[in-house]
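Visitor: Each chain, letter by letter, is given below.
There are 2 protein chains.
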Amino acid sequence: MNTMISDKMLNMVKNSSAIRAMFEEGAKMAARYGADNVYDFSLGNPNVAAPAQVKDAILDLVEKEDPVRLHGYMNNAGFEEVREAIAQSLNGRFGTKFTQKNILMTVGAAGGLNVILKTLLNPGDEVITFSPYFGEYRSYVDNFEGKLVEISPDTETFQPNLEELRQKITPKTKALIVNTPNNPTGVVYSEETVKKLAQILNEKQRELGTAIYLISDEPYRELVYDGVEVPYLPNYYDNTIVGYSYSKSLSLPGERIGYLVMPDTLTDADTIISAAGVANRILGFVNAPGLQQLAVARCLDARTDVEYYNRNRKLLYETLTGLGFSCIKPEGAFYLFVKSPIADEKAFCEKAKEYHLLIVPGSSFGCPGFVRLAYCVKYETIQRSIPAFEKLAADYFGGKH
Amino acid sequence: MNTMISDKMLNMVKNSSAIRAMFEEGAKMAARYGADNVYDFSLGNPNVAAPAQVKDAILDLVEKEDPVRLHGYMNNAGFEEVREAIAQSLNGRFGTKFTQKNILMTVGAAGGLNVILKTLLNPGDEVITFSPYFGEYRSYVDNFEGKLVEISPDTETFQPNLEELRQKITPKTKALIVNTPNNPTGVVYSEETVKKLAQILNEKQRELGTAIYLISDEPYRELVYDGVEVPYLPNYYDNTIVGYSYSKSLSLPGERIGYLVMPDTLTDADTIISAAGVANRILGFVNAPGLQQLAVARCLDARTDVEYYNRNRKLLYETLTGLGFSCIKPEGAFYLFVKSPIADEKAFCEKAKEYHLLIVPGSSFGCPGFVRLAYCVKYETIQRSIPAFEKLAADYFGGKH
Numbered sequence: 001m002n003t004m005i006s007d008k009m010l011n012m013v014k015n016s017s018a019i020r021a022m023f024e025e026g027a028k029m030a031a032r033y034g035a036d037n038v039y040d041f042s043l044g045n046p047n048v049a050a051p052a053q054v055k056d057a058i059l060d061l062v063e064k065e066d067p068v069r070l071h072g073y074m075n076n077a078g079f080e081e082v083r084e085a086i087a088q089s090l091n092g093r094f095g096t097k098f099t100q101k102n103i104l105m106t107v108g109a110a111g112g113l114n115v116i117l118k119t120l121l122n123p124g125d126e127v128i129t130f131s132p133y134f135g136e137y138r139s140y141v142d143n144f145e146g147k148l149v150e151i152s153p154d155t156e157t158f159q160p161n162l163e164e165l166r167q168k169i170t171p172k173t174k175a176l177i178v179n180t181p182n183n184p185t186g187v188v189y190s191e192e193t194v195k196k197l198a199q200i201l202n203e204k205q206r207e208l209g210t211a212i213y214l215i216s217d218e219p220y221r222e223l224v225y226d227g228v229e230v231p232y233l234p235n236y237y238d239n240t241i242v243g244y245s246y247s248k249s250l251s252l253p254g255e256r257i258g259y260l261v262m263p264d265t266l267t268d269a270d271t272i273i274s275a276a277g278v279a280n281r282i283l284g285f286v287n288a289p290g291l292q293q294l295a296v297a298r299c300l301d302a303r304t305d306v307e308y309y310n311r312n313r314k315l316l317y318e319t320l321t322g323l324g325f326s327c328i329k330p331e332g333a334f335y336l337f338v339k340s341p342i343a344d345e346k347a348f349c350e351k352a353k354e355y356h357l358l359i360v361p362g363s364s365f366g367c368p369g370f371v372r373l374a375y376c377v378k379y380e381t382i383q384r385s386i387p388a389f390e391k392l393a394a395d396y397f398g399g400k401h
Numbered sequence: 001m002n003t004m005i006s007d008k009m010l011n012m013v014k015n016s017s018a019i020r021a022m023f024e025e026g027a028k029m030a031a032r033y034g035a036d037n038v039y040d041f042s043l044g045n046p047n048v049a050a051p052a053q054v055k056d057a058i059l060d061l062v063e064k065e066d067p068v069r070l071h072g073y074m075n076n077a078g079f080e081e082v083r084e085a086i087a088q089s090l091n092g093r094f095g096t097k098f099t100q101k102n103i104l105m106t107v108g109a110a111g112g113l114n115v116i117l118k119t120l121l122n123p124g125d126e127v128i129t130f131s132p133y134f135g136e137y138r139s140y141v142d143n144f145e146g147k148l149v150e151i152s153p154d155t156e157t158f159q160p161n162l163e164e165l166r167q168k169i170t171p172k173t174k175a176l177i178v179n180t181p182n183n184p185t186g187v188v189y190s191e192e193t194v195k196k197l198a199q200i201l202n203e204k205q206r207e208l209g210t211a212i213y214l215i216s217d218e219p220y221r222e223l224v225y226d227g228v229e230v231p232y233l234p235n236y237y238d239n240t241i242v243g244y245s246y247s248k249s250l251s252l253p254g255e256r257i258g259y260l261v262m263p264d265t266l267t268d269a270d271t272i273i274s275a276a277g278v279a280n281r282i283l284g285f286v287n288a289p290g291l292q293q294l295a296v297a298r299c300l301d302a303r304t305d306v307e308y309y310n311r312n313r314k315l316l317y318e319t320l321t322g323l324g325f326s327c328i329k330p331e332g333a334f335y336l337f338v339k340s341p342i343a344d345e346k347a348f349c350e351k352a353k354e355y356h357l358l359i360v361p362g363s364s365f366g367c368p369g370f371v372r373l374a375y376c377v378k379y380e381t382i383q384r385s386i387p388a389f390e391k392l393a394a395d396y397f398g399g400k401h
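Taken in order, these protein sequences are the chains called A and B.
Residue 371 in my numbering sits at position 371 of the first sequence, with consecutive numbering throughout.
Residue 228 in my numbering sits at position 228 of the second sequence, with consecutive numbering throughout.
No lab work stands behind these hints: they were computed from the structure.
Fair warning: there could be bad hints in the mix.
Because identical chains cannot be distinguished in the list, a pair is counted as satisfied if it fits within a single copy or across any two copies.
Calculated pairs, BS3-like style, for lysine-lysine (alpha carbon to alpha carbon, straight line, at most 30 Å) [as the list claims (entries may be wrong)]: (1) 101 x 14; (2) 147 x 8; (3) 55 x 14; (4) 172 x 147; (5) 353 x 196; (6) 353 x 339; (7) 378 x 204; (8) 168 x 204; (9) 378 x 196; (10) 351 x 97; (11) 8 x 168; (12) 378 x 195; (13) 28 x 314; (14) 195 x 64; (15) 97 x 14; (16) 196 x 339; (17) 8 x 172; (18) 172 x 391; (19) 196 x 329; (20) 147 x 14; (21) 172 x 329; (22) 168 x 28; (23) 55 x 339; (24) 204 x 346.
Turn these sequences into a full structure, and let the hints guide you.
Guide: Pasting the structure below:
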């Protein structure tokens, strides 16, 4: 008898996420060598505690709210007052005109992306993204029999290649996923870039007579440095759908809480909004976790400690470039995307592991030849890792360090 | 330009869940007529508060746990100690030999069912279920291009039609979903029934040379009356996978917390366990909500107030049968499945709505001619609804009441 499981899943298991595999390997290595002797830069799991408001909100809700309401079912789209509070908060920040109708609470951004792709995709539809990109996009698009189309990276700047985008849009293009601030590069798209992007999408919509949805995956929106502005894409392109998460902004990744914004300006807005609510239900999310919905609604002005990440960014960037490694300085998120000193970056990651340095191959992001380091770790971890990076550099650049 | 959304979803929106539509209509009616004047029996949303241990557990966790761990990512399958605690609890109750490896924490039972169906199904695979059944099974199977095969109901007893099951198993049969205690009938399968069921599945596996997975969807396991026993299916059939939820047992439906049990006795157990972890990730769940995982692990011996539901069951059953309606007395769950006095049960539901009684057509469960009433409401709601049921009965059975 052949194996009984899904052929697709069998294939997935074989090629499963290098990031997650490393996360689990890191835990094992920490158990063997001691947590202080393993330098795990593999996963975007914030080491900054959730802001104090989150704790206060949860304690207060659990103490005072009627548990039947607090823990009960609500509308599949989420508690109305939570969605309205988020809509008003966005309106205040970005000058938009959302109401609760435009907000759907989701099981993190990953849940939100699956909901909107389920809503939009027919089998064979194309979804474009710029390489390097969060590798899970490929799986999410594949969940609905869509086809992920990659735009090749500009490995000097990691800004989006807009001319190649223009060429790769076809009548089957249903959506473009962008992620700014970007995982894995830390790049933020400037207003000028966003305007050019919108212009191309609008031209192509007119030319092809289709709607092309711009899905803005923005869990890192609040994590920017040096006063960089992140343009709010719905203000630049009518067919923008935003996927947001509190995983990084409030350090709640394990709680699975985020939302989709589906503006009234979308082509077929009402149908999309209704269908996304149904998709949220039938994909098995049903609704975003209730207690967390009510908690984040009380923390819309809370901010994570961006300076913590900034300090990490500076130390790791200066350490690595000082050792001879090359990478662009990130403007947002909490990743460095470093050029591998050898073409086979997986071999480089294996070598790094010998020094207990856990880093992720760029192949996981559609961009071989580079590696990703997540610097959402403790500052002390970076400090302690420096001798290991020195040894690693010596292996490739000679003994000068 | 045609509508841009998925054809499948467009169809789904048109035929969206009557249960959910009624839930939302109920909220509107409550706003218009006053909550006390609307008798909403539409949704399985428990009106019994979560046990006090849940509150204590959440408060203690939020006060004392390191927030980085409490709210952070963990293994996609869930916190190891939570899974081990659940495994040991099951072993104590049912004499099984599970370890944490066999347990995968899920976003409710709905999340768990989607994870296991994603893991198992190739397009065109058949999944059998006994009618009447929770209507979402159809959507869940369709999410992965599977085909739901219904076994027709025995409308006298609502026990499973095992002979028809035997006939409908084909080489494409990948799984059978059972739900005992049952939504919508409240029926519990006896040990004798389970043994016969296992015998048929074993015979068919041998005959066809396939594995047929028995998926036991058991959110209502703890809700049984009159001392009825619910056999633990993994003890009767090796290829059993259990989907559990704390939605009803701890009154946490909005928190989305449950688990899958994948025993070592499964055909291809290790592959299924690995693949289910990947499926949990790529479907966008990533992991079950962290705080709720840690909370339920401290409440494994907590019990909801079954007597509350039992009192409701008796009052509603006696009221309805006293008025001339006919239904079997449920042994578990919190639903009555009542024969519609007219063949078109949707018209009956519309008539009921005129008296502010919200009940769900049996068509939603693959069993027209019946209606479902969820009695997880307040006792006072049932008391207050009696005059409305009297008027409804008078419309069909004459003026004697």
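Visitor: Any of the earlier hints contradicted here, and which numbers?
Guide: Violated hints: 3, 5, 7, 9, 10, 12, 14, 18, 21, 22, 23 and 24; rest satisfied.
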